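Can you build the whole structure from these sequences, using the hints too?
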Amino acid sequence: MRRTIKELADFLSCEFEGDALTPVSGVASAASARPEDLIYVESSRHLEGASASPARCVVVGPGLSLRGKAVLRAANPKFAFARAAEWLLPAAPIAQGIHPTAVIAPSAQIAEGVGVGPFAVIEEDVQVGAATQIGAYCFLGKGTWLGAGCRLYPRVTIYSGVRLGNYVVVHSGAVLGADGFGYVAHAGKRWKFPQVGSVQIHDEVEIGANTTIDRGSLDQTEIGSGTKLDNLVHVAHNVSIGENTVIAAQTGISGSVVVGKNVAFGGQAGIADHCVIEDDSAIGAQAGVLPGKTVRKGQMVWGTPARDLDKFKEQYARLTRLPKLEEKVKNLENRVIHGLITGIDH
Amino acid sequence: MRRTIKELADFLSCEFEGDALTPVSGVASAASARPEDLIYVESSRHLEGASASPARCVVVGPGLSLRGKAVLRAANPKFAFARAAEWLLPAAPIAQGIHPTAVIAPSAQIAEGVGVGPFAVIEEDVQVGAATQIGAYCFLGKGTWLGAGCRLYPRVTIYSGVRLGNYVVVHSGAVLGADGFGYVAHAGKRWKFPQVGSVQIHDEVEIGANTTIDRGSLDQTEIGSGTKLDNLVHVAHNVSIGENTVIAAQTGISGSVVVGKNVAFGGQAGIADHCVIEDDSAIGAQAGVLPGKTVRKGQMVWGTPARDLDKFKEQYARLTRLPKLEEKVKNLENRVIHGLITGIDH
Amino acid sequence: MRRTIKELADFLSCEFEGDALTPVSGVASAASARPEDLIYVESSRHLEGASASPARCVVVGPGLSLRGKAVLRAANPKFAFARAAEWLLPAAPIAQGIHPTAVIAPSAQIAEGVGVGPFAVIEEDVQVGAATQIGAYCFLGKGTWLGAGCRLYPRVTIYSGVRLGNYVVVHSGAVLGADGFGYVAHAGKRWKFPQVGSVQIHDEVEIGANTTIDRGSLDQTEIGSGTKLDNLVHVAHNVSIGENTVIAAQTGISGSVVVGKNVAFGGQAGIADHCVIEDDSAIGAQAGVLPGKTVRKGQMVWGTPARDLDKFKEQYARLTRLPKLEEKVKNLENRVIHGLITGIDH
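Residue numbers (my numbering), protein chains in the order written: chain A, 1 to 346; chain B, 1 to 346; chain C, 1 to 346.
Think of the hints as simulated: they come from the structure by calculation, not from any bench. Zero decoy hints are in this set.
Below, in silico cross-link-like pairs of lysine-lysine (DSSO-like), each with a Cα-Cα straight-line distance of 30 Å or less:
#1 Lys261/C x Lys311/C
#2 Lys313/C x Lys293/B
#3 Lys189/A x Lys261/B
#4 Lys293/C x Lys324/A
#5 Lys330/A x Lys324/B
#6 Lys313/C x Lys330/B
#7 Lys311/C x Lys324/C
#8 Lys328/A x Lys313/B
#9 Lys69/B x Lys6/B
#10 Lys313/C x Lys311/A
#11 Lys313/B x Lys324/B
#12 Lys330/C x Lys311/B
#13 Lys297/C x Lys189/B
Sample of chain A residues with no beta-carbon within 12 Å of chain B, all distances over it, derived:
#14 Glu7
#15 Phe11
#16 Gly18
#17 Ser29
#18 His46
#19 Pro62
#20 Ala75
#21 Ala91
#22 Ile98
Computed footprint of chain B on chain C; a stretch qualifies when at least three of its residues, placed anywhere within it, have a C-beta under 8 Å from a C-beta of chain B:
#23 150-160
#24 222-234
Note that the structure is a prediction, hence the values are computed from the model and not measured. Glycine included, every Cβ here is placed at the ideal spot set by N, Cα and C.
As structure tokens, then:
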């Protein structure tokens, strides 16, 4: 879509400087931009790159100036840039209309404006809300429930009974509602513990490619509004995750863990079963939280076993000082036990 | 299915107390149960929750009593509960009959009562045993062999020549039989080492969502009866896993590793190539076993490099005592080198 | 294919000893070989096994002799074996011809000899090069571009605009071009940062099962020629990987990381954002490289935080010596503070 900087400023409710008719039709990084691409600058150290860019229009933060460019001024330039990008480059539809190859049960209720791609399978008693888009090969098991405005990229599997809110985005290969990993040991074998609960995904959640979210065993697995999961994340049965939490790739959350709001997980972190991860905390990449532990509100943890980040850093510093400590002890031994006075000072 | 407690007691071969006609039609946790749901209590600390639950029928362990409830007595109440759940809530069929959209090669041999879902592809010379269910989008490559009573959820890929025993369960997105990661370095490039072996999955194995099991390079990759793999697990080429082993999510097992029986892997563990993990051992979550190492029968290991759990704990305790050790050395230096007598006692 | 050892020697440009008509029709390990299988021996400790094998023909390295076998002599016997395997057992076709169930947009340009399997979806403006094979359920989004001789196993998803070079191999479940994990925090919520870049995969790359490679946010994600990725690997947005690098299973590479040529990643390694991993370096299994760090050319690192392998080993050795250090300090205290002379010597 081609806009002028004036239209963009109106859309973003921000001020602009320069020719009101400066055209903007895309977004880019400073290095790869063409003249009509919008770029953004958050700090003065990126001004030089922006200045050298062919882009004619730049979103800048407060107090920054940029000669020879049309400028949009925003308190949070990266956010303004993201909103502008959404407006200028609306997401391409995943599916439009109902593809004739889709297999849809007669009892499924498909709202207005829903798109269903080739080879999708929609089983009995499924409900799909308005304007939701369902990509090729998506499988909606019996009784699943999707809200409005969801985007399921090709090849998403949703087992029976799973519920998604509105504006949920699910990437290719994600599996929602598979059996949790629960067994009872008896007579030398493992017997499946019932995995008959469900999954509830709330509004505006985004789920990455090949991520798996298991159904609850007796109750449900739940993911709060606005929470974002990266690729290859594992969420086990009965986990409850609050709102606006972010979980980086390859992190695993074990059974019955309770995660609060606004938590940030680094990649490849592992949370053992029955932990409580309170609001606003941060779990470092590759950290391992032991079974049943609590990470307190606002706490940052790292390492395995996960501990306070400051404690980890201090321990690591002491570990790197061990050579010096060993040497000190050797010196003391030389003096005390062997009666030597060495010349080593420290 | 609706049963009486008397029928349930007969099925489980256990005693009951209370009204023989008490109806039971489902299973639940104490907190979410409705009156006809069965619940279970393993220890006295869960008695209060069970007592307050609307559930009328409870499986209890020996020596526990519960007023006002119909009670089933079992030596292993969780196991009895699991068996009851299986009887009351038989798994919904994944596929019934042969869906007309499935593409099945004329030479494939499909036994009686097999279900094949929409868009499944079954190539030449495949054999499928009685009552096996094959979900939508399942791909059975040339010459694959499935036993009886298997359940393949939608979207399982099985490369050519892979063999599954009876009652194997495979969840969505699993890939069985892809090429192992084996290359020969030559002249600055990597050339594929032949990956022409196969995969043998024995009876009653369960394989989680998006798990990958590679084919052997020259020989085969093998998973023993009753072994359970969680989601996003990686099993490399030529690995051999024994019976009744459990492998939690995101664990990776490298090429040519030999794993025994009844081994328990925590999540995100990593086993380097050519290790031997003997029977009844336990690999802690996120542990990393170095190439070629042996974990002995019954041993529990943790950490990277993986070591005996007790050793890990001791080392970690010493690490947390380093501040005190550093202080002691400083005191000694003050006395011995600087001639100071500090008042610090410890 | 059935060949003589003479033909094989000609193909490999190497010498042979023994009956020129010795037939060879397959490859195997020494233990499982049948008489017509080729086996190989790299070092003298494998001579005994080779000697006992039913295989009649063996590739051996320089200076090794093997009585009673027809022998092919090669400087790199494993490489010669791999090339022989490729010649004797050409990879079975993934798809031949265009399957009638495939959904192909009229604007797609499909070259000569391309195979397209059942239920494949090829969207508008896709280009597919000569002799490329596209398995069942493969999804090629709008405007994707595939070179010649590629092999896409069943169930590969390629989002719009992704470009693959020639002879690229992609295994089942891989997802190329999904949105990167980039959000802007604003007013307590996470807003999607534009993920409008692309992915460029160069020639002869191999991508493992269920691996995910995200598209660039504004620029592109790029994987150099000859690089090999194992299963369940995660490559984030804007990552650039050089040529002939190998990445073992379950490794994750965060946003904007730059990886050089000939780098070797162990399994489950994690690279935080904006790192630089220079040519010829090696990242140990489960290592964690902190944000923005550089691993230098040829360096080997291990542990979290990742450090030089030698440093890691030295620190670990010191950690295991802590009990002795604690004891030394206790002895010194006994002497200096308590005036005791213990008999302990060390």
